[in-house]
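Please work from the sequences and hints to get the whole structure.
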Amino acid sequence: MNDSGSPGPAATVSPAAETTVDREPGTEATATDRRPSAPRRGAADPVKALIHRHRELCERAVDPLEIAAGLEAHGITDRTAARFRHRDVFSLAEEMYARVSRDGDAPLPATPAAPRPRVDWALLTLLPGTLCAAAVTALHLTQGRARLCAAAAGALAVALALRGAVRRGPLSAADRVTPRRTTLWICWLVTYSLLGDGLLDSAVTGGPDGLPTGTADGSWPLTATPLLALTLACAPAAWIAHLFTVRARRMLGTSRGLEDFGAAVRPLLLGAVALFMSALAALLILSTEALGEPAAPAEALTLGALLFLARLLTTHGFTYAPAVVLTATATVQAAALATVFASRLPGCGFLATPVETLVTTWGAGSVPALVCGAAALALLVHAARKLTSASAHAPQDHTR
Amino acid sequence: MRIGLLTEGGYPYVSGDAVLWCDRLVRGLAQHEFDVYALSRSEQQEDEGWVPLPPQVRRVRTAPLWMSSEDGPVLGRRARRRFTECFGELAAVLCGASEAASTPETDRFGNALYGLAELAREQGGLAGALRSEAAVRTLERACRAPGAHREAREARVPDLLAVAAHLDRALRPLSLDWYEDDGLGAVDLCHTASGGTTALPGLLARHFTGVPLLVTEYGVRLRTHYLTTPDAPPAVRFLLAAFQSRLAAEVYARAAVVTAGNAHARRWQERCGADRDKLRTVYPGMDARPFAWVGESPECADPDTLVWVGRVEPAKDLVSLLHAFAEIRRREPRTRLRIVGAPADPGGAAYLEHCRTLAAQLFPDEADGPHATGDNPVSFEETGGPELPGRADAYAAGAVTVLSSVVEGFPIGLAEAMLCGRATVSTDVGAVVEVIGGTGLVVPARNPRALAEACVALLRDPERRARLGAAARARALELFTIEQNIEAFHGIYLEIVSHTPVRRAVLDQAGEPLPFAVPAEAHVPVRWAAARTPRPAVGSTGWAASSPVRATGSVTAQEAAR
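These protein sequence lines map, in sequence, to chains A and B.
Using the UniProt record's numbering, you'd call the opening residue of the first sequence number 1 and step up by one each time.
Using the UniProt record's numbering, you'd call the opening residue of the second sequence number 1 and step up by one each time.
Check the hints yourself; a few may be wrong.
Derived DEER-like restraints, expressed as beta-carbon distance ranges [stated by the list, open to error]:
| no. | chain 1 | residue 1 | chain 2 | residue 2 | range |
| --- | --- | --- | --- | --- | --- |
| 1 | B | 59 | A | 374 | 51 to 61 Å |
| 2 | A | 79 | B | 302 | 26 to 36 Å |
| 3 | B | 2 | A | 53 | 44 to 54 Å |
Honestly, the hints are just simulated from the structure, not real lab data.
The beta-carbon is built from N, C-alpha and C at its ideal position, and this holds for glycine as well.
This is how it looks when you write it as structure tokens:
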């Protein structure tokens, strides 16, 4: 057993051993002149060297305990700390924390990654418009039973395409939201835009005398222009929503405070809505030209704005207000129709007075235009409050 | 006795942390009833299912931490004001804004926390409020307040959002419905399997119903938090670290007893504000049975073989071991080294490859004679094959077990080698000294020469090897078995319940207090509970804490067991 004396075993080591044993040549003396008393790294300030070695850890640390944890992960123990004249790692870490200057500017936080445009949703949003155009063409070309079949198939196809378009991409609802049933009300609103005006017109004049024939003439005419324009507007709506999200995320990174952010996002929101309205107006003009129907722009524009705002709120996690407003809008529209029919009952003639006045003054399209306009305005006010808050634009965490 | 076991991402999920320990504890204390309250960490964990539960587990309640819960009812005006007050107070404490109030820091944090919990219990809707814009605004106000810490003042909007999201996640246990009389209110003792968010339900149960809390931390949660926080802006890391350390302080302050897995964890707990009187060290228990045959037949070891067993990763410093082995070979040419272990990750695999190359360079293949096929004196192996079916066989193969780590927590491998009755040479890192006591040789880390010295000393002295091995086995059987672990917790349970019994008003079926339901004899007239004599910490008896032997090249190597 080598219990003999201090330098004994080390001295017996052959010189060739040094090349293998010494890990850092130059910092360590050879085995023969290494004495227990000689300082290994003869610096006057050993902590400074330590700080230099763990500079990144020290500069990154937000409190001394973080440095202590990092040092321990690098194998520094209380016994090592004793070499630096400290009682334990904690007090060593405190000294290091105090000595490192951290007055360099913190780097700007990385902007939360914005979603990138993708081919799948870009194509999906084009689908409803295309299918709707095809369905309208089919209605024009067919007759009788075939037309009925074409109408049913077209309605189904457009409904499925719309469902697909809002399932992914910038129009899809946020993960965290509690889904609320608004599909029924949206269907009602869209159907009304298709058939409602004709029905109201004929109801006021005592009709309708038969079921809709699927054309723009007859006793119950079909107005396909708003529906065509709205379905075509899916693509611009998706792109505008995408743009809104991306720009808002960027502002999140650059704004100093929540007030700043709100002030910067408000014009962005109004711009997005205005952009959508102009895109929808252009599409309306196009479809009016193509279909050759009489134009009713106010109705389609307000309905489009309402649906766009409701979707925008839903995608950012606010489902309650859109659901309430859509329900109310559909109910009021239905009530307007109902009053006209109810006025035919004996003694209830007064019920139809408001609606009849509207229809005779501004036409049948004024009723949905007024209702949807009011609803869209309400949603716009709500969105201006909710969508300008930073928490609406917080990146979602996907830790599952 | 009825014990509420609180876990987070652990028992009873198959893939949880510390499942084995909890399972052994629950099975070992069959005389008690266990209610398990588990927070799950991910969807995948929930899908993988539970481990089989013994009958003493009466009920299991789980809640997901990964899924945002329902927003709940929207708070009314008054509740909203209350939320803003409490959350603002919490945020102010985190930002370091010190009011001139006389309440100390921990009290402010605790008051804010319990205020939020009471709000959640009475009104609900806390989850929605924590995610709302009001929470972010409150946080911003606290960060911009005069006196806020520099890092907090620099928080920008994305930082505020990130902190709010983290706080929402961390405070999710506040919205749970576990604290009623049929939940945690019915247990006699809450035992949390780790600190941090896991201990929150225990804190609240203590606050609402006075159930005493026992905190067991094998790895200190705060330290893990520092080491695992992803890279984030300083403001986020500052606020989150502040939250974790305030929470740790609150948990330690309210707990009846805090147990640590080793002295290192205990030092961290003490540093974070745990009272010395509350701290107990309970060493992790290990199953001694697989190692029993090795320990009882010391003669099966090859006297010229060194063994290293563990998971291959850079922190184990195998390079240093190989350099030390070169030195050993120079003095004891017949020695062989068996490195048994598999890499844990790609980094470990690359390191293993590096070590193989180094071994091939340092040691040429050797053969017995000119006509025999040679092989390398250093072999890299893995357990599970026909040659080494288990870890016990790996330890059995060598006369000396070597540990060359530069970083180590609780060295499980070392304790296993002790159970096998093997003499050990280890580096002075982590809890090694505490585990080995005086029953093995300890050298400084990153010192191959000292490691070689110690190994040669043991290889040349079979008698000393046997003596150290026997002492090590005796020590390990005393300190690191499952039985001692369970026994220690049993003792702590009894101690806590005797000192802080939960007194409940017994109600009849109509909900009225039942007179004479608790007999007068239930209360001992003398105040024996108050006379608390300081008892020594479990596991840190005099001989267990004895200083180890240093076996550096220049210092005389001698063992305490002599």
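So, going through the hints one by one against the coordinates:
no. : hint                        : result
1   : 59/B with 374/A: 51 to 61 Å : holds, 54 Å
2   : 79/A with 302/B: 26 to 36 Å : holds, 33 Å
3   : 2/B with 53/A: 44 to 54 Å   : holds, 52 Å
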